[in-house]
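**Q** Chain residues, written in single-letter form:
4 protein chains.
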Amino acid sequence: MRTPEEYSSDLKKMKPNIYVGGEKVNRDDSRIKPGINVMSVTFDLAQDPAWDGLITATSSLTDKQINRFTYLPQNPYDLMQKQKMIRLLAQRVGGCIQRCMGYDALIALSVATKEIDEKYDTEYNQRFIKYLEHYQERDLTAAGAQTDMKGDRTKRPSEQLDPDAYVHVVDVRDDGIIVRGAKISITMAACADEIIVLPTRALTEQDRDYAVAFAIPADWDRVHLVTRPVWLRERKSIKAPFCEYGVSDSMVIFDNVFIPKEKVFMCGEWDFGRRLALLFANSHRHSYSGCKPAVSDILCGATALVAEANNIERIAHVREKLSAFAGGAELSYAAGIASALYGSKTSSGTFFPNPIYVNVGRRLMGETIYHEFNMLAEVAGGLSVTLPFEEEFISEETRAYMDKYIVRNPKFSPEDSHLIWRLVENLVASPVSAWYQIAGVHGGGSPIMETITLSAEYDYESKKSIAKYLAGITSALDQSADLDLNPSM
Amino acid sequence: MRTPEEYSSDLKKMKPNIYVGGEKVNRDDSRIKPGINVMSVTFDLAQDPAWDGLITATSSLTDKQINRFTYLPQNPYDLMQKQKMIRLLAQRVGGCIQRCMGYDALIALSVATKEIDEKYDTEYNQRFIKYLEHYQERDLTAAGAQTDMKGDRTKRPSEQLDPDAYVHVVDVRDDGIIVRGAKISITMAACADEIIVLPTRALTEQDRDYAVAFAIPADWDRVHLVTRPVWLRERKSIKAPFCEYGVSDSMVIFDNVFIPKEKVFMCGEWDFGRRLALLFANSHRHSYSGCKPAVSDILCGATALVAEANNIERIAHVREKLSAFAGGAELSYAAGIASALYGSKTSSGTFFPNPIYVNVGRRLMGETIYHEFNMLAEVAGGLSVTLPFEEEFISEETRAYMDKYIVRNPKFSPEDSHLIWRLVENLVASPVSAWYQIAGVHGGGSPIMETITLSAEYDYESKKSIAKYLAGITSALDQSADLDLNPSM
Amino acid sequence: MRTPEEYSSDLKKMKPNIYVGGEKVNRDDSRIKPGINVMSVTFDLAQDPAWDGLITATSSLTDKQINRFTYLPQNPYDLMQKQKMIRLLAQRVGGCIQRCMGYDALIALSVATKEIDEKYDTEYNQRFIKYLEHYQERDLTAAGAQTDMKGDRTKRPSEQLDPDAYVHVVDVRDDGIIVRGAKISITMAACADEIIVLPTRALTEQDRDYAVAFAIPADWDRVHLVTRPVWLRERKSIKAPFCEYGVSDSMVIFDNVFIPKEKVFMCGEWDFGRRLALLFANSHRHSYSGCKPAVSDILCGATALVAEANNIERIAHVREKLSAFAGGAELSYAAGIASALYGSKTSSGTFFPNPIYVNVGRRLMGETIYHEFNMLAEVAGGLSVTLPFEEEFISEETRAYMDKYIVRNPKFSPEDSHLIWRLVENLVASPVSAWYQIAGVHGGGSPIMETITLSAEYDYESKKSIAKYLAGITSALDQSADLDLNPSM
Amino acid sequence: MRTPEEYSSDLKKMKPNIYVGGEKVNRDDSRIKPGINVMSVTFDLAQDPAWDGLITATSSLTDKQINRFTYLPQNPYDLMQKQKMIRLLAQRVGGCIQRCMGYDALIALSVATKEIDEKYDTEYNQRFIKYLEHYQERDLTAAGAQTDMKGDRTKRPSEQLDPDAYVHVVDVRDDGIIVRGAKISITMAACADEIIVLPTRALTEQDRDYAVAFAIPADWDRVHLVTRPVWLRERKSIKAPFCEYGVSDSMVIFDNVFIPKEKVFMCGEWDFGRRLALLFANSHRHSYSGCKPAVSDILCGATALVAEANNIERIAHVREKLSAFAGGAELSYAAGIASALYGSKTSSGTFFPNPIYVNVGRRLMGETIYHEFNMLAEVAGGLSVTLPFEEEFISEETRAYMDKYIVRNPKFSPEDSHLIWRLVENLVASPVSAWYQIAGVHGGGSPIMETITLSAEYDYESKKSIAKYLAGITSALDQSADLDLNPSM
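Chains as they are written, first to last, in the numbering used here: chain A, 693 to 1181; chain B, 693 to 1181; chain C, 693 to 1181; chain D, 693 to 1181.
So that you can see chain A by itself, here it is in the shape it has in the complex (with noise of 0.2 Å):
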């Protein structure tokens, strides 16, 4: 397993292909940093004999201890383990650990492969074998890139006015393949060794040329990353392990790329489109049982801590506020639980989530990430978005005032109370704060995609035999003997 210094040395060693403000720079440009800082915990913990076990993994491919963000779960409790390392992580990065985008392209691809080679005699399981030891042994880092530009939404990706519009095939050779189009809102990319492309959604036969899958390194030839970071205004003095950390998404150019044949998951075969995008989609969902709560549980913690900033924690509406963090968290948290329990061993033996609980968990926390932040807010007051900056308390002419004022509850001493307020202000009323609300809503599928997730796989028709069963309609009568044993009833 690499150290955090070995994993940032080898983005050094980069060619530098990421676009940022007009300017094209290396992976060591102080923008991308914070996101570099975030990956980085996930190597320095797995040295750190108290993650044993948790952050670390016995490879099921080599039998060799691997970083569990490159392990195929077999097991509902290698579910369940994920789950608990993605919230610990989560909560101390302070929010999104990234490194699960490209874990949840692996697991998609374990299964998708062995499922297509069963129909179409093909190697891609193979293939996709030998690249993922080559990753566990190299502890790699990966963007899974799946969310195409899409153009026009109304139309196919073989209807579109412009074909690039999603990412495709447009020439097949014998060592490989050419792709052209680009992915969008690409989380991690610019700090990840590779990238995994996969289609984003069903395909019809027209639109085989959609259907690709592939890795490559994410400074390939003819790949550009057009990234926007996300970053915190620069502490001067008063150090926070909140502002050390960020984020950049990255739309990912393919232009005429070619992708060697070894690399290649999925090459034509559109009837695998839609179970391919489902189960990295899905899969994503479970990390998100994960994430989403620790997302919780910092919101819930800093009202919490704000609300004894303020002398009002014991306040009614406060307590209420509370125990919604609470909720919110743990029946998001729950669901996971559930999805490893009731999930499914796939043909490649790869343990996946029952699709059911990952989408109504994900759904929750999409459909609360905003009134969540307005909770926060509400207890927090105005001076969360008012707070004068960190200079003012520096300042000769300023400071005595600001250490004066910034004390409302006489137990914090004027520097915790800054420091309160001043995460406070970088929960709510920063650049982190729209970046948080809004993945909360998107990342993963927003409440919409998981409300068609359901409306495709959830077994309404077994709720209409209970029904016609008590309405005593007769032909269901017979049916009642078959009232589903099935727990997700």
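Note that these hints are calculated values from the structure, not bench results.
A few of these clues could be false.
Copies of one chain are not kept apart here, so a pair can be met inside one copy or by any two copies together.
Lysine-lysine pairs mimicking BS3-like chemistry, simulated, CA-CA at most 30 Å apart [stated by the list, open to error]:
hint, residue 1, residue 2
1, K704, K806
2, K847, K716
3, K822, K847
4, K1037, K776
5, K1037, K822
6, K707, K1096
7, K705, K725
8, K1103, K953
9, K953, K1096
10, K953, K725
11, K931, K704
12, K716, K928
13, K1103, K847
14, K1037, K811
15, K725, K811
16, K847, K1096
17, K822, K928
18, K1096, K716
19, K953, K822
Here the structure of chain A is known, so what remains is to put chains B, C and D in place on it, guided by the hints.
**A** Chains B, C and D in isolation, oriented as in the chain A frame:
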């Protein structure tokens, strides 16, 4: 295990002490019958091999096969089986299966009697175990009677103007105790063999006389059940399982009742008042993680069915509403699963569900039950409450009109259309509707009670530690090492 | 103006054509009576000088003093008086005052007949005015019958398998027309002198036969009312105004009914189908800005009262719930006021409320009605549905127990405590509860209908212009001058 | 009336007492400029004949034409014009028009000074009128400074550890008073000519020194503005009105400031503390009935526009979201209209809005603001926060990619598509987003404050009377005659 016939025959033998509508009635009164029908299902299916191991279990006391409603859970799997059994039975009877009330009282007493003994060197647990062996052997049913009349809510039991506002001990004799007071809203007391009394709240030393728990036969001397049954308008011609089932609640009056010593399980140990009250509440909230999803299942199925009858099943807002039922049902079911997995072994050997998860799950459903009825009513339309009486569908003068106009989606016959609308009417516009709405809010404790429990039990301090760590509050930095690995962080 | 006695005496003279519970009944049937009691209040108070100018008005046709329920609004103040009258009367009868249905049908016809005449040179308005003079003179009441049985909701009237799914013209004769079909969920038809029929939706040229509006006496030949009354469990001893009032809905069947020419107000003008349907709907939604606040007032008052009876009136969550009632009631009342102020004079002279405001106001209450019941039930507690029957409070055997235990707040006597709980039970756990819940959702159009109306009528384009202007989209820059000064921007 | 140029030239002449980012800056600092641009619109349009009578008015003091932001409302129409003006101006500047803060302080003082004089025979009103004549003549702007630092929220001003937690009088001299303390979150103080100080809460006799109100120039001696401006990332090439506007908030520090007698409008009359605080709050909540609908209008327009850019404008859930904006905007606008119509003439002659309606309207928007951002973000998609920086759309290396991929709906050019997404980003993922979210919750008082006001002011007793009457509680029967005819029953 008793047959349904043995059960109702036993009831018939009981002394009449039930008052309904100004009359003293026997336990074969037609208004009590629908509740007995519900209970009978728990006896009936226990005879059915298909339900073996689900509705039956091997006694931890005697190794005999017993009905699961009399069995003390020993491990997470037992809790999951309890939850599953309740969901399936509740689907079968169209809602509350009722027998879990007494079951949860048994579970609570199994734990509390042991803990009291450990502190006070009493012999309650031994008495209780003896009682339970008899209970299992006889395959009994019991009402758990917890909620007192309460009087002035701002005062503790011992501060009330009327000391009988809470059930209390008025005399202690060598062979037993005398109690007085009334318990209200006691579901199924009129169909139960036994009544098990538990304290309803935290107590102080002054409330010592109110710290009392015991069991007695439901027709015991000087015990009066003032009962309010809920039943549906009787069907004249079209029969439906839903109409066979119903429920009743009783005010259970103890008018200087003698309780023999061997049936007294707490007497004066005021410091265990809160513990026993919460053990029952939390065990019962665990039961709700089975029955509440079933109520959602039924409402969901009826909504889907009436949407089909209206031929609007594919309309976006209908799909969204259906998926909201799915979300509610599965999130609360998942909370039950998580509570089992993160439950704990008590000193008594009983395995007890995690209190956080049972509370977040129960609260969710308590908050959404009215909205679920709203959704069904919205999809069904005004006809759900303006549907002409069944007699109009029979009478010569009007029948042809009814048959002609009741059909909306021609794929349903007039009779099936009528059955569907009649079920919907029974669900949303009958005495049963209000019962399910209000039981949905209050049964097992209203949302406000779960919020209070969470305020007391959820670890907000650990959340604050996360916030302090991220804020950079130095004293918390060392705490970072301790960021709790407990999954319900 | 008629007295209540004249009104019910007139009803008694009518031909029996009402079917309830398999019987044909007269208009003095005890199950119809509660609805008649409601209507009587509108006659009674019109005799009371205190209500002069509110429940009475000076006819714009004849300058005579008439009941406001027969008066065409001429200006904003008239609309405000209508709204105020309805709120006050609804408080008096505990909910729906019922007489506005026919009133809104008159208002809609006054406008539409004029507009049809203007386009087609017909003489509907003249016929209508003549009818209205008679109606005012006789101080009549009418049911507005709009909602058809509808059949398959995905098909237009002319596409239905059964052409009678919507009321339609089957023959046109010199002296009138023959109509067939059924209207459902027609509130108060059983207590009305007249029935006024209007189309229920937009129509195409193929639906020409469905473009029909007319008025007839409610006991007209070949008209059958299949009626479902809602009434409360009769009180034995404790009387309360709330129990005197009730409601019924009818399926109104037209079995080849002859309508004389002078009572036909639309016949074949399909292009006015949508207009007339919406005029009625919007006028009726304006009426809801009076009655819906009253329903909130009643539920609010009952919640405050039962909170006092529970002695929890000062608890934070109770205060918050009470203020939620205030918010709902006053926002929808305010919407009515705004609709009056921004209403418009139609070509007929009738002053018509602004459609945007009536729709946002009505929708708000339709969305929150179940939640309002939820709040009352939550504050009241489980006793609201488990309250023993009144007979238990009378019977010698149980009366002392009831009197003892029903008191929670000692400031209320047993009798007043009982009256409070009985009212609460009547409100949340009686047949009336479901009626108010479902009428609250669907009466005058469900929230989904108001959303559809808003989608069609609200000026989203002007909002887009604002966004384009702020975005700097050049073509919009000149539009900046036009940023609409219309107050409902 | 001043021109925009005169206004900013006046500002430039002021003494620098503003601190931003560790520096003392002048009132032409680029970070303050966006706020000045907002204020300038109120001067600019007052010169435009199209806005005559809306943004201008005839002074009730001098009969001169003045800017409406300096005018005392005399009747309901004036309040409606105020509301309309604010909505239209807020649409124009993309949100908060800012100048109403001082305006509402003037309105509040006009009423309170009169009432204090009436009780204490003081001469505050005369002083105030003189000040107002000067204010109207000079066409001034003022920040209303109400919110104190507050210290420990569980303690009254006189109980605080630091007596300066609330602004208070430290010395009374013949020619004036000396005050100390700090007001926070004072919007637009850095762009104002004047600062008007008001008390923030109810006071007791012990808090006498905290009962103080006065006005002074914003650059007055020993007054320091520690200012936090909010501004957008500056545009390099694509310009948009939205980017020209911004806001700043100041902590306004009074370090032993001398206030000349003639500018003191309250000094020691603690029993008017609550009254004056509420007069300002309620007048300001009335202003929100203009600006909050405008914020909804802007978010609604942006949502509709980006839906069009995504070509999903006709999708059901989008239509529903759009109509939710309409509902929020028009309900709160209607509340403003009702508050005008049911307002009252105060003894000072100023016409004051009805407090119930301003509170229900303001609260609605405070409760929904985060949800409105949620809806826009949900419809826009993740791109709203991952949009590459503007520089990437300019740079030679990336421009072609950006232009190619930014277009989704081909009816928009790349430039217009970019402008739309940039506006959306500015709205949901910029410093301005958090400002509007949190100001939406807290500006003018958070929902909890409106609930508290309603708890004190709404007539719950009259609602209880209705319930008592309907319940049949005899003592209430006679009250039935009094069922209040007040429209806000």
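**Q** Look at each hint and say if it fits the structure.
**A** Status of each hint after checking the structure:
no.	hint	result
1	K704 to K806	neither (35 Å within a copy, 63 Å between copies)
2	K847 to K716	neither (34 Å within a copy, 56 Å between copies)
3	K822 to K847	neither (37 Å within a copy, 57 Å between copies)
4	K1037 to K776	both (20 Å within a copy, 22 Å between copies)
5	K1037 to K822	within (21 Å within a copy, 45 Å between copies)
6	K707 to K1096	between (51 Å within a copy, 25 Å between copies)
7	K705 to K725	within (15 Å within a copy, 44 Å between copies)
8	K1103 to K953	neither (65 Å within a copy, 39 Å between copies)
9	K953 to K1096	between (67 Å within a copy, 28 Å between copies)
10	K953 to K725	neither (33 Å within a copy, 58 Å between copies)
11	K931 to K704	within (26 Å within a copy, 37 Å between copies)
12	K716 to K928	both (27 Å within a copy, 18 Å between copies)
13	K1103 to K847	between (60 Å within a copy, 14 Å between copies)
14	K1037 to K811	within (18 Å within a copy, 48 Å between copies)
15	K725 to K811	neither (44 Å within a copy, 58 Å between copies)
16	K847 to K1096	between (61 Å within a copy, 17 Å between copies)
17	K822 to K928	neither (48 Å within a copy, 48 Å between copies)
18	K1096 to K716	between (46 Å within a copy, 20 Å between copies)
19	K953 to K822	within (13 Å within a copy, 73 Å between copies)
Checked against the numbered hints listed earlier, the structure breaks hints 1, 2, 3, 8, 10, 15 and 17; every other hint is satisfied.
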